[in-house]
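Colleague: The lines below spell out each chain.
Protein chains: 4
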Amino acid sequence: MTKVIRGIVAYPVTPFSADGGIDDGAFRCVTENLLRSQPAAIAFLGSAGESAYLTEEEWRHGARLGVETVAGRVPVIVGIAELTTAAAVAKARYAREIGADMLMVIPVSYWKLTEAEIFDHYAAIAAATDLPIMAYNNPGTSGVDMSPEFLVRLVRELDTVRFIKESSGDLNRMHAIHKLSDGAIPFYNGANHMALEAIAAGASGWCTAAPNLLDDRPARLFDLVQAGDIVRARALFYDILPVLRFIVVGGLPTTVKAGLALRGLPAGAPRPPLKPLVEADRQKLAEFLAALRVEPAAA
Amino acid sequence: MTKVIRGIVAYPVTPFSADGGIDDGAFRCVTENLLRSQPAAIAFLGSAGESAYLTEEEWRHGARLGVETVAGRVPVIVGIAELTTAAAVAKARYAREIGADMLMVIPVSYWKLTEAEIFDHYAAIAAATDLPIMAYNNPGTSGVDMSPEFLVRLVRELDTVRFIKESSGDLNRMHAIHKLSDGAIPFYNGANHMALEAIAAGASGWCTAAPNLLDDRPARLFDLVQAGDIVRARALFYDILPVLRFIVVGGLPTTVKAGLALRGLPAGAPRPPLKPLVEADRQKLAEFLAALRVEPAAA
Amino acid sequence: MTKVIRGIVAYPVTPFSADGGIDDGAFRCVTENLLRSQPAAIAFLGSAGESAYLTEEEWRHGARLGVETVAGRVPVIVGIAELTTAAAVAKARYAREIGADMLMVIPVSYWKLTEAEIFDHYAAIAAATDLPIMAYNNPGTSGVDMSPEFLVRLVRELDTVRFIKESSGDLNRMHAIHKLSDGAIPFYNGANHMALEAIAAGASGWCTAAPNLLDDRPARLFDLVQAGDIVRARALFYDILPVLRFIVVGGLPTTVKAGLALRGLPAGAPRPPLKPLVEADRQKLAEFLAALRVEPAAA
Amino acid sequence: MTKVIRGIVAYPVTPFSADGGIDDGAFRCVTENLLRSQPAAIAFLGSAGESAYLTEEEWRHGARLGVETVAGRVPVIVGIAELTTAAAVAKARYAREIGADMLMVIPVSYWKLTEAEIFDHYAAIAAATDLPIMAYNNPGTSGVDMSPEFLVRLVRELDTVRFIKESSGDLNRMHAIHKLSDGAIPFYNGANHMALEAIAAGASGWCTAAPNLLDDRPARLFDLVQAGDIVRARALFYDILPVLRFIVVGGLPTTVKAGLALRGLPAGAPRPPLKPLVEADRQKLAEFLAALRVEPAAA
Numbered sequence: 001m002t003k004v005i006r007g008i009v010a011y012p013v014t015p016f017s018a019d020g021g022i023d024d025g026a027f028r029c030v031t032e033n034l035l036r037s038q039p040a041a042i043a044f045l046g047s048a049g050e051s052a053y054l055t056e057e058e059w060r061h062g063a064r065l066g067v068e069t070v071a072g073r074v075p076v077i078v079g080i081a082e083l084t085t086a087a088a089v090a091k092a093r094y095a096r097e098i099g100a101d102m103l104m105v106i107p108v109s110y111w112k113l114t115e116a117e118i119f120d121h122y123a124a125i126a127a128a129t130d131l132p133i134m135a136y137n138n139p140g141t142s143g144v145d146m147s148p149e150f151l152v153r154l155v156r157e158l159d160t161v162r163f164i165k166e167s168s169g170d171l172n173r174m175h176a177i178h179k180l181s182d183g184a185i186p187f188y189n190g191a192n193h194m195a196l197e198a199i200a201a202g203a204s205g206w207c208t209a210a211p212n213l214l215d216d217r218p219a220r221l222f223d224l225v226q227a228g229d230i231v232r233a234r235a236l237f238y239d240i241l242p243v244l245r246f247i248v249v250g251g252l253p254t255t256v257k258a259g260l261a262l263r264g265l266p267a268g269a270p271r272p273p274l275k276p277l278v279e280a281d282r283q284k285l286a287e288f289l290a291a292l293r294v295e296p297a298a299a
Numbered sequence: 001m002t003k004v005i006r007g008i009v010a011y012p013v014t015p016f017s018a019d020g021g022i023d024d025g026a027f028r029c030v031t032e033n034l035l036r037s038q039p040a041a042i043a044f045l046g047s048a049g050e051s052a053y054l055t056e057e058e059w060r061h062g063a064r065l066g067v068e069t070v071a072g073r074v075p076v077i078v079g080i081a082e083l084t085t086a087a088a089v090a091k092a093r094y095a096r097e098i099g100a101d102m103l104m105v106i107p108v109s110y111w112k113l114t115e116a117e118i119f120d121h122y123a124a125i126a127a128a129t130d131l132p133i134m135a136y137n138n139p140g141t142s143g144v145d146m147s148p149e150f151l152v153r154l155v156r157e158l159d160t161v162r163f164i165k166e167s168s169g170d171l172n173r174m175h176a177i178h179k180l181s182d183g184a185i186p187f188y189n190g191a192n193h194m195a196l197e198a199i200a201a202g203a204s205g206w207c208t209a210a211p212n213l214l215d216d217r218p219a220r221l222f223d224l225v226q227a228g229d230i231v232r233a234r235a236l237f238y239d240i241l242p243v244l245r246f247i248v249v250g251g252l253p254t255t256v257k258a259g260l261a262l263r264g265l266p267a268g269a270p271r272p273p274l275k276p277l278v279e280a281d282r283q284k285l286a287e288f289l290a291a292l293r294v295e296p297a298a299a
Numbered sequence: 001m002t003k004v005i006r007g008i009v010a011y012p013v014t015p016f017s018a019d020g021g022i023d024d025g026a027f028r029c030v031t032e033n034l035l036r037s038q039p040a041a042i043a044f045l046g047s048a049g050e051s052a053y054l055t056e057e058e059w060r061h062g063a064r065l066g067v068e069t070v071a072g073r074v075p076v077i078v079g080i081a082e083l084t085t086a087a088a089v090a091k092a093r094y095a096r097e098i099g100a101d102m103l104m105v106i107p108v109s110y111w112k113l114t115e116a117e118i119f120d121h122y123a124a125i126a127a128a129t130d131l132p133i134m135a136y137n138n139p140g141t142s143g144v145d146m147s148p149e150f151l152v153r154l155v156r157e158l159d160t161v162r163f164i165k166e167s168s169g170d171l172n173r174m175h176a177i178h179k180l181s182d183g184a185i186p187f188y189n190g191a192n193h194m195a196l197e198a199i200a201a202g203a204s205g206w207c208t209a210a211p212n213l214l215d216d217r218p219a220r221l222f223d224l225v226q227a228g229d230i231v232r233a234r235a236l237f238y239d240i241l242p243v244l245r246f247i248v249v250g251g252l253p254t255t256v257k258a259g260l261a262l263r264g265l266p267a268g269a270p271r272p273p274l275k276p277l278v279e280a281d282r283q284k285l286a287e288f289l290a291a292l293r294v295e296p297a298a299a
Numbered sequence: 001m002t003k004v005i006r007g008i009v010a011y012p013v014t015p016f017s018a019d020g021g022i023d024d025g026a027f028r029c030v031t032e033n034l035l036r037s038q039p040a041a042i043a044f045l046g047s048a049g050e051s052a053y054l055t056e057e058e059w060r061h062g063a064r065l066g067v068e069t070v071a072g073r074v075p076v077i078v079g080i081a082e083l084t085t086a087a088a089v090a091k092a093r094y095a096r097e098i099g100a101d102m103l104m105v106i107p108v109s110y111w112k113l114t115e116a117e118i119f120d121h122y123a124a125i126a127a128a129t130d131l132p133i134m135a136y137n138n139p140g141t142s143g144v145d146m147s148p149e150f151l152v153r154l155v156r157e158l159d160t161v162r163f164i165k166e167s168s169g170d171l172n173r174m175h176a177i178h179k180l181s182d183g184a185i186p187f188y189n190g191a192n193h194m195a196l197e198a199i200a201a202g203a204s205g206w207c208t209a210a211p212n213l214l215d216d217r218p219a220r221l222f223d224l225v226q227a228g229d230i231v232r233a234r235a236l237f238y239d240i241l242p243v244l245r246f247i248v249v250g251g252l253p254t255t256v257k258a259g260l261a262l263r264g265l266p267a268g269a270p271r272p273p274l275k276p277l278v279e280a281d282r283q284k285l286a287e288f289l290a291a292l293r294v295e296p297a298a299a
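Residue numbers (our numbering), protein chains in the order written: chain A, 1 to 299; chain B, 1 to 299; chain C, 1 to 299; chain D, 1 to 299.
Among these hints, one or two may not hold up.
Treat identical chains as interchangeable: a pair holds within one or across any two.
In silico DSS-like pairs for lysine-lysine, Cα to Cα no more than 30 Å straight-line [what the hints assert, rightly or not]: (1) 3 x 112; (2) 179 x 284; (3) 3 x 284; (4) 3 x 179; (5) 112 x 275; (6) 179 x 112; (7) 275 x 3; (8) 112 x 284.
No lab work stands behind these hints, which were simulated from the structure alone.
Assemble the whole structure, with the sequences as input and the hints as a guide.
Modeller: Structure below.
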């Protein structure tokens, strides 16, 4: 049985160099910075990692580099977000080959998918490797909305689908997953702006790019709620909330890359059509980080 | 300075007799039942009290009967939900005359209101009495949606507007009220389905009709979160969640009256076009209450 | 069989005098102005008539005054928008007594209504008089959304419910009503901003307050589409569209009263909390009317 | 100056053979079938063409095959829907090389794009070739919603962006484009379910996959409205509406391929995770086509 990850699942951005390709050195620095944030796991090539904007070869390179850099210090999760089942299966196999520990799989739609279509998409990926899978729901970015009932069914009917990540931002979904599985299926919060409440509601973890900028504050928030210190948890949550909201509203690659540069850890620009953060927003982010006494990232 | 209410604000239904008028005896029984649920306050003539369906004379009768029955045991809040400012002012004055302790005011729209129109509506009501006012936002039933910024402005600019009740079900609103006022403005949760999380987020209280059916369980939930016993709080919350959701989804007057009848405390039917709960749903509610070992209400 | 109304159903505002009551003289002037706009019928006490903001006595006065003023020159429709079935039935009976020709009935919700509840609401009103009824769907103002299937069922199962007014602004609804009834149930468009298209789609008429400000332009638009002169219909529609949109976005009572004052036909202010149109918007409306060469209303 | 296309812009599906690749023979048959439907232009590799599911090489093959098959009989438009600007520019250049007449460009988002980001995306594509461009708005499939103001700005500021395709299904958008440009910018309707009304509102054309199944009926509808024969136009529209709605609700590749098979022109299955139409829906589509007396497609 897979060990359940409890705590923070940290998401790196994918740094690009001036010529537009992946910057391996910066990639390693960004990863080391995250490893200092007390994560329970690191997830490469998720939304924050601009996975959707990479070529297939870049994706493979990033996955391999991630596994090598982490080198077993924490479990490595690899994100798979593909329109076609064939491409998703190929990536799953590759992730297995290079030694990833888990897959996080989100269906992506151009044409709306039926539940039968989504189910078979997951089934094909699950059949391709023995890696445990986190089913990931994020209708806002993927265009696919999976109900709690369907997500629980995926876990029940597909052996290696064992975890759920919910990023719809709807507490009712988490409540429903908990009730439908009598608390037995670990679910993870992917909505930064309600991290305090999701942990209170029983989330096993919090999937977030925030540690890139906030170091171990997310991990401390998780621990405070677990310890029942609701007063200090609440105070910490409200302190970091402006940053949590800012990075989501402005788009994770854009804002996190700007914040990393402010911390002395340049990760390049996001890939066009995405643009670097505009100056007024960069100032605002700098003020948020200063108010929290966020320090430069170690080299 | 008004004492801040902390804990449960309990909402009675308004019982009708077979001829359609207010049933005074049942009204008193419903109120006594609520008083046994450890409420911090009781709020008459809110949404659950079918306020919108009463004639003006009935409304006055209900308000008076409420104040008399509670007889100072806990603070009494009276709900005001009027389309015209003139009618709202008249009700505010009446509530003051009969000895109510606080007003809960929600603007109601047929035609969409501008913020200037809503502000002056509150200002006129505030000017009519010296009673403290809870500004109440519930876009789903009232058709008016007041932003956190506007609600905080109401509290800052109108002396007697001191509290905010948020029923939009959006955690972001509570976070915003907390941040905008540095935690200084007490806010109350009006969304049953997220009570656990709203209390975790710092709500001063929970406005709910649930104690009609769940006795002191809501009060215990509130206390458990305050005490940092997040594990038992979560367990209690998930236990009562089916009832919390059921009474909201089915409409409070309809479902709570059905539940009270199941508990041996008949409160009549809701007023047409509202109908009594259909039999299949009544069975489901009975099962929910049985699973929680809810006992008959004391006579 | 009721004669089918074809063309414009014109909606007057309800003028108030300085002391806040209904201004009978202005009421008659507003009505006469509408009668000059080539309407197929006039509908009193609809949304534009601030019906929801009137006391019961004022409503009766307005209905009676409307019937008397029109004096049979065109059919008179009276609007009924009540939360309780009892109040709606009482108004239906009164409308019959004073000689109205048709009822336009919209259910209003505070608590969400089931279809069974809405159906019985209509059935009770239909049973109260022999007047033909137009079932009116306007979820935006009433909080009740009736599907095309349900509306067609109302017409099929209740003898005197014979017409449908659709104000949801969704063309699919009109298409569905047409298909479900093989074109046999007359439906009316209540969404000003898509009048051209609704008439093209087969609406029997257009329910609108626009003739208060635009005289017979709406009637001409209706006739041009019927005559197949799509080029001139389109040109006229785009000409008047800024006014059509303006009066809806700003709220009919507020904007139409401002526009009538600009035309030399003062109808007082809307009832608080509604406020008179702000000056900047009044200027904009004046420009729109000037661009269309709208003339002062005849005395 | 580019000649304005008036009438039907027809969209083929992309047929796959049993091994999953593009089926050249079927591709040519599908194209010839469309050429018999009186189209004003043919648009390859749009939404209906499963463009998003093709590899880059397949996309190039499809574009080339399309241009070759049409062989100048009508203008050929090629669809470009890419997440990265670099990929979009490369496709634009390729389309120019192979002799396409126009580009239809829709931005696609994973991360929400600012208007500055969308503008530069279009600017880069426009700078890459001299082909005229149709800016295409379809928030439902692409995740990007461009306002009428922004679309008009694109046309004004970028020389080769000359046309707008609106598929949001919101009549207000078409009205706004017409008003903002005084009728000077040709706009095209991409929402099948409101084709009658969009043409009445002044659309220069209708972009649709419907001719695959309905032959010249869409072209006749367009002509009837232009001719002012609103009665026959309406009758034809209501006749074909069930098919228009069916193919959109069920997803164009899935339903159109099923319909082509029913007509004796097999185009294979859509690409997984998309599945062939389920049997019950295939039956329903067969009935719709039979009711319209749609004949087998010519070989």
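Colleague: Against this structure, judge whether each hint is valid.
Modeller: Results of checking the hints against the structure:
When the C-alpha separation of residue 3 and residue 112 is checked against a cutoff of 30 Å, the pair qualifies neither within a copy, at 34 Å, nor between copies, at 35 Å. Taking identical chains as interchangeable, the C-alpha atoms of residue 179 and residue 284 lie at most 30 Å apart only when they sit on different chains, with a minimum of 16 Å there against 41 Å within one chain. In this assembly of identical chains, the alpha carbons of residue 3 and residue 284 never lie at most 30 Å apart, being 40 Å within a copy and 38 Å across copies at closest. In the homo-oligomer, the alpha carbons of residue 3 and residue 179 lie at most 30 Å apart inside one protomer (22 Å), although the nearest pairing across protomers, at 38 Å, exceeds that limit.
Both within a single protomer and between protomers do residue 112 and residue 275 lie at most 30 Å apart by alpha-carbon distance, with minima of 29 Å and 11 Å respectively. Taking the closest pair of Cα atoms, residue 179 and residue 112 come within 30 Å of each other both inside a single copy (28 Å) and across two copies (26 Å). For a Cα distance limit of 30 Å, the shortest separation of residue 275 from residue 3 qualifies neither inside one copy, at 39 Å, nor across copies, at 35 Å. In this assembly of identical chains, the alpha carbons of residue 112 and residue 284 lie at most 30 Å apart only when taken from different copies (20 Å versus 38 Å within one copy).
Going through the hint list in order, the structure does not satisfy hints 1, 3, 7.
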